[in-house]
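K.L.:
All chains, please: the whole structure from these sequences, using the hints.
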Amino acid sequence: MGPLFLGLDCSTQSLSAVLIDFDEKKVIYEKQLIFEKVFPQYHTKSGVWRKGNVVHSPPLMWVEALDLLFQEMQKDRIQLQSVLAISGSAQQHGSVYLNDRYPIAFKTLNFQDAFSRETSPIWMDSSTTVECNEIREALGGAKATIEATGSNTFERFTAAQIRKFYKTEPGNYKKTKTIALVSSFLASIMTGELAPIDHGDGSGMNLMDIRSKEWYPRALAATAPHLLEKLPPLVPSTTVIGKVNPYFEKYGLNKEALSLVWTGDNPSSLIGLGLIVEGMSGVSLGTSFTHFGCLKTCQADPKGEGHLFASPTGDYMTLNCFLNGALAIQKMREFYHLDWAAFNHHLQTTPVGNLGKLLLPYFDAEIVPKVLTAGLHRHHLKEDDIPGNCRALVEAQMMSMRLHSGWMNLHPKQIYATGGVSNNLAVLQILADVFNCKVLRIEVSKSTALGAALKAAFSYFGNKTWEEIIEGFTHPIPGVDPNPNSTKIYDRLIQTYQAFEENTRP
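So the numbering used here is basically just the index in the sequence shown, starting at one, shifted up by 16.
No lab work stands behind these hints, which were simulated from the structure alone.
Using N, Cα and C, we set each Cβ at its ideal position, and we do this for glycine too.
Hints should not be assumed to be uniformly reliable.
What the hints assert, rightly or not - Cβ pair distances, simulated, as ranges:
id, residue 1, residue 2, range
1, E265, K183, 41 to 47 Å
2, P262, D39, 25 to 31 Å
3, Y58, Q511, 44 to 50 Å
4, G157, Q364, 20 to 26 Å
5, K347, L244, 26 to 32 Å
6, G258, D400, 31 to 37 Å
P.N.:
What follows is the structure in C-alpha cells.
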C-alpha cells in the first residue's frame, strides 16, 4: 500500500469521499451520503430549503454529514491512520455566518448558538437582484465589475448575499464575527480552527481582485461596513493549514495528517478531470450543468454571462453555469412519470433536431442566459408530446451550452464529462453531436472529490508537478463520438434556437 490521500466534496445534495493510493494510481474507496436520505429531520428537498427564489441550506446538516462520513469510513474499516493529507471542495458561493463562539465550535463540532445566521444562502438563490445592482453601480458598472472581479454581479454570488443580510438583519450582521464559504467552513472543522478562503472559491464572491488575488477594497465597501474584519484571509488553493482536528482521532484518523484549505467544486473538478493544459474543456453534468476550461491568461467574459475563476494550479479557469441541469431533467421525468429507461428511450427514438421542436427549460430561474422568472417556453411543441419534450429539453441544454461558451475560445478536440448524468450515454451523444466533439468520461464520477485528493497529494509532496500528480488518475474511459450528419442538423438548428431564446427572454 502506498501513500493515501483523502478528498472530500460537499455538493448541494450530498457529501462524498474519495480515497486514493498514490503509488498504485487508483481510487481505493468511494462513499456518498445523500442529505435528503440520511438527514430526513432537516426536511430538505434535494439538499435545500426553498421559498420562492430564496434557496438556503442548514449549515448544521453539513456539520453532521462530515461527522457521519468519518463514522461510516470507520465502519467500513478504511485505514484512516494511513492517510497523509486531506483536502476538500464544496458548492461555490454559499456562505456561513458565525458569532464569537466559532473558535470552540470548530474544535468540538458543537455549534449550538454559534451561528449569527441560522441558514446559509446557496448558489441556487436568486433573491438579491437589488443588491447586485447596488454593488455593480458602486463599482462603476458591469464592465468595471467584470474586469476587477472576473464576473459580473450575480444573485448567487456571496457579495450580494452578504449585502442583503446586512440590510435586512443589521443586528445579526453586527454580531457576525466571521463569514465563511461552505468550503472554508468545512475546512475549519477539518482543521479545528478558522480556515482561510482559497483563491479558487474566493474568486466566486465578487469580492476578490481577480488579478492580484487579494480582497478588492471597493467591492468590500460596496457590500457592507467592516466587511474586511469579518472575512478570513485569501490564500493559494494548495495551502496547508496545519494538522487535522484532534476531534477526528476517535475515528482512527492519523493525527499527523495534513489539513489543507478547501476550494470550490468547479476548480476542484478541473483537477479531477486532469484539465491542466490551456484549451482543455470539461462539462460537469451535476445538479447544475457547467462548462469550463483552463486558461493561462486573465480573460473574462465581456458579456458578463460567464466567469473567470482562479485555478488550483495557479492559472485561471473559465466557467459558464446553467442552473437548469440534472434537476431540470429530474423535474421533467417526474412530470411525465418516467424512469431513466423510459426517458432515455425517448431520447434515442426521437429524430435528431426534434423536427424543429424547441423548449426553453427554465424550471427554475436561469443563470445563463439570465432569466429571473421560471417558466417553460415551447416552439412548435405541445405539452402532451412526451418524447418531443424529453429530447427538446436535452437539446436545449446542450445548444445553450455551445451558444454561450464562445467567449472561452477553447476549441477543444475532446470534452471531458463528469457528474451523475455523465454516465448516461444518450445524453452524452447529444452533447457530442451539438459540439461536434468527442466526449470522454473518467472512471470516477466524483471528479470533485478526486480533485481534492490530488490537491492534497500535490501539497504533501511539494516537489511534484501537476502532470506527475494527475498521471494515472485522470485517464478517460470510452465515451461517444459525434455523428457528422447529426452535427450538420444542429449547426442549422442552433440559429433558430438562438433567435427563440433571445425573443423569449424577458
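K.L.:
Hint by hint, say whether it matches the structure.
P.N.:
Hints and how they fare:
1. The given range of 41 to 47 Å is respected by E265 and K183, whose C-beta atoms sit roughly 43 Å from each other.
2. Taking the beta carbon of each, P262 and D39 are about 28 Å apart, inside 25 to 31 Å as hinted.
3. Restraint check, Y58 to Q511: a C-beta distance of roughly 46 Å satisfies the suggested window 44 to 50 Å.
4. The hinted window of 20 to 26 Å between G157 and Q364 is violated, with their beta carbons roughly 47 Å apart.
5. For K347 and L244, the hinted distance range of 26 to 32 Å is not satisfied, since their beta carbons lie about 41 Å from each other.
6. In this structure the hint that G258 and D400 lie 31 to 37 Å apart at CB is violated, the actual value being about 60 Å.
The structure does not agree with the numbered hints 4, 5 and 6 stated previously, though it agrees with the rest.
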